[in-house]
Amino acid sequence: MDYLANIARRTGGVGTAIGASFLIGLVLLIVANIVYRFFGGVIAGTYELTELMVVVVAASALVYTALEQGHVAINIIVSRFPQRARAIVESITLAIGLGLWALVAWANVGLIREKALDGEATLLLNVPVFPFRLFWEFSLIILCLVLLVYLLKVFPRVIGK
Amino acid sequence: MSPVTVGIVGFVVLFTLLALGLPIGFGMLGVGFAGFWYLVSQTAALSKIATSPFSTVSSYDLAVLPLFLLMAHITFVSGLSRDLYNLAAKWLGRLRGGLAMATVGACAGFAAVSASSLATAATIGQVALPEMKKYKYQPALSTGCVAAGGTIGILIPPSAVLIMYGIITETSIGKLFMAGVVPGVLEALFYMATIYILCWWKPSLGPQGPSFSLREKVAAFGSCGEIIALIALVLGGLMIGWFTPTEAGAVGAFGAFVFSLIRGRLNWQKFKQAILATMKTTGMVYGILIGAFVFNYFMAVTTIPFMLADLVGGLPLPPLAIMGLVLIVYLLLGCIMDAGAMILLTIPIFFPLALTLGFDPIWFGIIIVRVCEMGMITPPIGINVYVIAGVAPDVPMQTIFKGIIPFLIADLFHVMLLLFVPAIALFLPTLMS
Chain Y
1 MDYLANIARR TGGVGTAIGA SFLIGLVLLI VANIVYRFFG GVIAGTYELT ELMVVVVAAS
61 ALVYTALEQG HVAINIIVSR FPQRARAIVE SITLAIGLGL WALVAWANVG LIREKALDGE
121 ATLLLNVPVF PFRLFWEFSL IILCLVLLVY LLKVFPRVIG K
Chain R
1001 MSPVTVGIVG FVVLFTLLAL GLPIGFGMLG VGFAGFWYLV SQTAALSKIA TSPFSTVSSY
1061 DLAVLPLFLL MAHITFVSGL SRDLYNLAAK WLGRLRGGLA MATVGACAGF AAVSASSLAT
1121 AATIGQVALP EMKKYKYQPA LSTGCVAAGG TIGILIPPSA VLIMYGIITE TSIGKLFMAG
1181 VVPGVLEALF YMATIYILCW WKPSLGPQGP SFSLREKVAA FGSCGEIIAL IALVLGGLMI
1241 GWFTPTEAGA VGAFGAFVFS LIRGRLNWQK FKQAILATMK TTGMVYGILI GAFVFNYFMA
1301 VTTIPFMLAD LVGGLPLPPL AIMGLVLIVY LLLGCIMDAG AMILLTIPIF FPLALTLGFD
1361 PIWFGIIIVR VCEMGMITPP IGINVYVIAG VAPDVPMQTI FKGIIPFLIA DLFHVMLLLF
1421 VPAIALFLPT LMS
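These protein sequence lines are chains Y and R, in that order.
First residue of the first sequence: 1, per my numbering; consecutive thereafter.
First residue of the second sequence: 1001, per my numbering; consecutive thereafter.
Read the hints as simulated data drawn from the structure, not as lab findings.
Since this is a predicted model, take the numbers as computed values, not measurements.
Hints should not be assumed to be uniformly reliable.
Derived DSSO-like pairs: lysine-lysine, alpha-carbon spacing no greater than 30 angstroms straight-line [to be verified]:
1) Lys-1270(R) to Lys-1048(R)
2) Lys-1217(R) to Lys-1133(R)
3) Lys-153(Y) to Lys-1217(R)
4) Lys-1048(R) to Lys-115(Y)
5) Lys-1280(R) to Lys-1270(R)
6) Lys-1272(R) to Lys-1048(R)
7) Lys-1133(R) to Lys-153(Y)
8) Lys-1402(R) to Lys-1048(R)
9) Lys-1134(R) to Lys-1202(R)
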């Protein structure tokens, strides 16, 4: 399990660094476009580049939030349960979350293949969307891995160890 | 089962899962997917969960969120809150209850760079509570005013909750931001008036603070000059039509970075901290939004929103009375749920109803966000109260809740005012280019 946790943490960390870089890039791109516009010009494709860059930001943010166990949940009821019952409920919710995101990742594979065959690209700059769809898919897989690691961590408490 | 029955079962399952602690976004995603599968088809449901999440994360309009969050987190780590509080304290501190009024003023100022109520309450609380303790303010008043003042964070723009509302209802985020300004400022004034009345009635609640010369008062503006200019640029640019909301977010984040750097308030560690906090909050919001969009598709096929709109619209009650009932539902839900999640969950139901009743979508957004704010300080969850309890661990929780009561009464008057005078919210958006 430590091996899996290590992979999840490291890949999540790399993803977060990439996402953070894209976030800074996004700020710079938009500000540069505004400044350029002030002088009568325009950076072509800012809109579509923003749409692509925010995919990387949002995808890596989802994984980082899961790593930090920061997804918004209501814990007021479960927090009053005895420890073992809490572990059982936690394992069920983690398993549901894992199953759902695995389903999203699986459904997404077919879509990526279909869009890649169509040669999906942005309208103005003709930037291929494929790498961004792939990053999204990769992030979904890491998200599942993170949830799996937390599920495995809860398991000893479920069986009373 | 009829689509409506499936929808009701879906809600019951969703609330059960949420009560068990499943993250809100995950729950909405799961129930939305299962319900859509049951009512439409397996293929359509699989197609929906493949396409909808990617559309959500690749939305230009939604890019506004991480950008404004970055602006908020940079200003947070650079210690802007202390400058804002000092400014307000120098002008108001010498009055009875003045430091509590200054706290509310600082909350309103910080709300103009922060997208969240929790951040506003926690940040201003850290600065203001020790000061009020020093001047022997009663803990109920000092903690109550920070918890209540913090709620202004989601009404005065930028506001993460208003962004979510705008995205899900396809309402102009720029106009929503503008619509939040006057009600937000008015809310701060209501709280200040509450403090004034309380301290007039019982002076020991908030003794007078130190007094400052006019020169010192004016000089305090200097320490906040850049940030006041930044707020004016972001909101003014939006209002005049210089920027889209997404561009305003980028300008805000860039400006906060440059100003903090120039004033020597930002180093690599603090910047990293701001970026990571932004990533975490961004992930939280996207997690809910992805689920909300799939859930909305499910709600649409259940036909519940339209049926409810027809049913309630046909009741022999005036629209304002129906709106009052809707607001009570929000108030009750607000006691147990996060504001953003609650709005995303209920909007598919109540938004068509509000439109059927002839209410303005911008005004409706403001009024429900306002009621959600009340939920943030109402037991049993009252999340802002828990935040303040963390900042002031020596104050018992019941003391904070006791301190909240006068502000909740002020909230009721404020909501009534917004309900009966929609122009308070709708005046500024009409001036936008």
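Hints, verified against the model:
The hinted pair formed by Lys-1270(R) and Lys-1048(R) fails the criterion: a straight-line CA distance of about 40 angstroms is larger than 30 angstroms. As the CA atoms of Lys-1217(R) and Lys-1133(R) are separated by approximately 22 angstroms, the hinted pair is consistent with the 30 angstroms bound. For a cut-off of 30 angstroms, the pair hint linking Lys-153(Y) to Lys-1217(R) is broken: about 56 angstroms separates their Cα positions. A distance of roughly 15 angstroms separates the Cα atoms of Lys-1048(R) and Lys-115(Y); the hinted pair therefore holds under the 30 angstroms criterion.
Taking the CA atoms of Lys-1280(R) and Lys-1270(R), the gap is about 15 angstroms. The hint holds against a cut of 30 angstroms. Pair hint Lys-1272(R) plus Lys-1048(R) does not hold up; C-alpha atoms about 36 angstroms apart against a cutoff of 30 angstroms. Taken as a hint, the Lys-1133(R) and Lys-153(Y) pair is broken in the structure, with Cα atoms around 43 angstroms apart against an allowance of 30 angstroms. Distance restraint check for Lys-1402(R) and Lys-1048(R): the Cα-Cα separation of roughly 47 angstroms exceeds the 30 angstroms cut-off, and the hinted pair is therefore not satisfied.
Among the hinted pairs, Lys-1134(R) with Lys-1202(R) is consistent with the structure: their alpha-carbon atoms are about 19 angstroms apart, no more than 30 angstroms.
In terms of the numbered hints stated before, the structure departs from hints 1, 3, 6, 7, 8, listed from lowest to highest.
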